[in-house]
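Trainee: Just need the whole structure built from these sequences, with the hints factored in.
Okay, here's what each chain looks like letter by letter:
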Amino acid sequence: MGYKGKTVILGILALAAVALFLFYQLNHWEYALPRRGIKVLAIAVTGAAIAFSTVIFQTITNNRILTPSIIGFDSLYVLVQTFIIYSFGSMSMAVINKNLNFAISVGIMIIFAALFYKLLFKREGQNIYFLLLVGIIFGTFFSSISTFMQVLIDPNEFMTIQNRMFASFNNVNSDILTVSIILFLLIALYSYRYLKYLDVISLGRDQAINLGVPYDAVVKRLMVVIAILVSISTALVGPITFLGLLVANVAYEFLKTYQHKYLITGAIFISITALVGGQWIVERVFTFNTTLSVIVNFAGGVYFLYLLLRERKEW
Amino acid sequence: MNINIINVSNEIEKGVGFKLDLKFFMKLIYLYILLIILSITSLFVGVSNISPLDIFNLTDEQKQILLISRFPRLISIIIAGVSMSICGLIMQQLTRNKFVSPTTAGTMDSARLGILVSLLLFSSATPLQKMIVAFVFALTGTLIFMKILDKIKFKDTIFIPLVGLMFGNIVGSITTFFAYRHDLIQNIGAWLQGNFALMMSGRYEMLYISMPLVVIAYIFANKFTIAGMGEEFSVNLGLNYKQVVNIGLIIVALMTSVVVLTVGIIPFLGLIIPNIVTIFKGDNLRRNLPYTALLGAIFVLICDIVGRVIIFPYEIPIGLTVGVIGSGIFLYMLLRRNHHGL
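As they're listed, the protein sequences go chains A and B. Its first residue numbered 1, the first sequence is counted upward by one per residue in the working numbering. Its first residue numbered 1, the second sequence is counted upward by one per residue in the working numbering.
Keep in mind that the hints are not guaranteed to be accurate.
Stated by the list, open to error - These stretches of chain B come out as covered by chain A in the derived footprint (C-beta under 8 Å, 3 or more residues):
#	region
1	156 to 166
2	174 to 181
3	225 to 236
4	248 to 262
5	310 to 322
Hints listed in this document are in silico derivations from the structure and should not be mistaken for laboratory results. Glycine residues also receive a C-beta, built at the ideal position from the N, C-alpha and C atoms.
Mentor: Structure, rendered in structure tokens:
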């Protein structure tokens with residue numbers, strides 16, 4: 001079966017997971033359905049954003065183990081949020097108005113993504129492990145500073161906004177759902193015309209330039225795209241460190257193609273299946289006795305270690 | 001090794017005055033003086049007002065505060081700082097890698113898992129039981145990490161701490177999984193963040209176990225250096241390689257579990273202190289041990305005082321202050337590592 005057929009199968013699986021989540025034991029549908037619908041929509045958008053950003057990021061950096069969240073983009077978003085609350089207070093427009101808050105955060109994220117890219121990837125011949133370690137420590141650094149500021153903020157003030165600012169799977173941030181969906185669709189539309197470049201960029205920087213790709217311009221735009229996508233996923237559900245790594249690599253292994261049109265679509269479907277299905281298992285099988293991010297982190301961590309230890313040249 | 005020292009000292013000599021000053025301070029006598037000044041400061045920082053002038057006519061209440069809270073806190077800070085930096089130094093010598101430490105080898109996370117298991121198995125575990133279980137787990141975790149290291153053919157300085165961090169992550173998520181099921185997340189959170197606020201007489205005494213271990217580490221210092229050169233090399237020199245490595249790991253695991261159990265996790269300490277000492281003093285383990293110990297204590301003391309002053313009368317847990325400052329310094333070291341030959 002070709003990769004097209006496989007993509008269709010993945011799509012059907014994703015739909016099945018969503019349907020299972022929506023209609024399993026649906027007794028009071030007029031009450032439960034809208035709630036489940038919002039939740040499943042938020043989770044699906046998050047999963048799609050994570051998969052999308054990870055595949056683009058891995059193609060740009062030409063490796064299979066770096067992902068935006070592993071090098072600390074998620075924690076950066078949380079830091080930006082904390083910083084806004086810290087410097088403006090919880091009653092300011094920048095915090096109360098969800099959409100404004102989101103816009104400011106995305107803006108700061110884009111600036112930082114540009115800096116990050118300059119700092120880490122512009123230098124020639126950087127060792128990939130070096131980048132990875134620096135990225136991980138950056139993540140720790142950002143989250144320590146966030147916690148540090150969260151301690152400094154007046155505890156009462158902090159409690160009132162904590163739930164709204166720092167979402168989780170059981171506490172999806174649905175206020176900005178509409179904005180996120182619109183933004184995600186716009187981004188998808190915008191980056192559609194760059195997908196063909198990505199196929200070439202995956203050959204490497206020099207080859208891509210040789211073949212006539214306006215490399216720097218494309219990469220810069222795609223970094224902005226990644227920053228926005230990371231903001232969407234983190235704002236909706238919060239950081240999930242290893243999900244991107246898992247779904248992107250499963251997509252590569254399963255589809256065995258280099259066409260990003262299919263890779264990205266496939267990764268998005270896998271991600272939605274994993275998140276929605278996983279959340280369903282957490283709710284129904286474990287009856288909320290554990291959280292999805294714990295499971296994802298465990299599976300992702302083991303897989304990551306496996307990737308690191310398997311000796312392969314293509315990193 | 002020698003080349004590194006020359007590089008570094010060259011750099012220091014042609015470097016700016018700031019670096020010269022730092023080197024100037026890298027003498028034991030100054031470190032001691034600094035430690036004493038900071039210790040006295042630490043004794044007199046706190047919510048109830050005790051000024052150094054009162055020292056000769058203390059009221060009963062002030063005496064109580066000093067004896068029950070301030071002195072135990074000072075002592076536990078010093079011991080924890082000393083032990084964690086020495087743990088880092090030993091691990092770095094044994095693995096011959098400058099970026100290995102209890103934080104980046106899964107030792108801390110394993111100790112935490114051990115404490116959780118002891119809580120689940122014996123519902124009212126005594127501190128000693130907890131410590132033994134934590135020790136067994138920390139030792140097993142570190143041994144597994146060393147086994148993974150043996151299996152890796154590709155030994156890149158940067159690659160090894162990465163594997164360690166991931167290993168720690170996996171152990172950490174197992175801990176979270178079980179903690180969540182048994183409603184112990186908050187307790188886990190407390191161990192995640194080192195905190196000296198609760199150090200009172202009756203709660204910190206276990207830290208004294210570290211003291212003899214420091215002495216043992218000093219006695220074995222040269223052997224650790226030789227063992228770090230590899231199994232074949234050290235057997236050639238007539239060293240019982242396995243035994244020395246095991247002793248080193250036992251010391252590390254014991255110290256780590258004691259500190260995690262009483263204080264909590266203090267990240268990056270074992271990583272940055274030995275490296276700072278190496279930058280200034282070279283690679284002689286035995287000579288570096290006192291510097292590392294002193295600098296570790298001073299660093300934790302400074303962080304603790306900062307954490308206590310910044311939102312006075314509340315305080316910021318030490319794990320956070322060290323986390324922010326430590327990860328900052330570690331990043332700096334990573335980005336500039338070629339300058340310092342690490």
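Trainee: Hints first: check each against the structure and report whether it holds.
Mentor: Verification of the hints:
no. : hint       : verdict
1   : 156 to 166 : holds (count 8)
2   : 174 to 181 : holds (count 5)
3   : 225 to 236 : violated (count 0)
4   : 248 to 262 : violated (count 0)
5   : 310 to 322 : holds (count 6)
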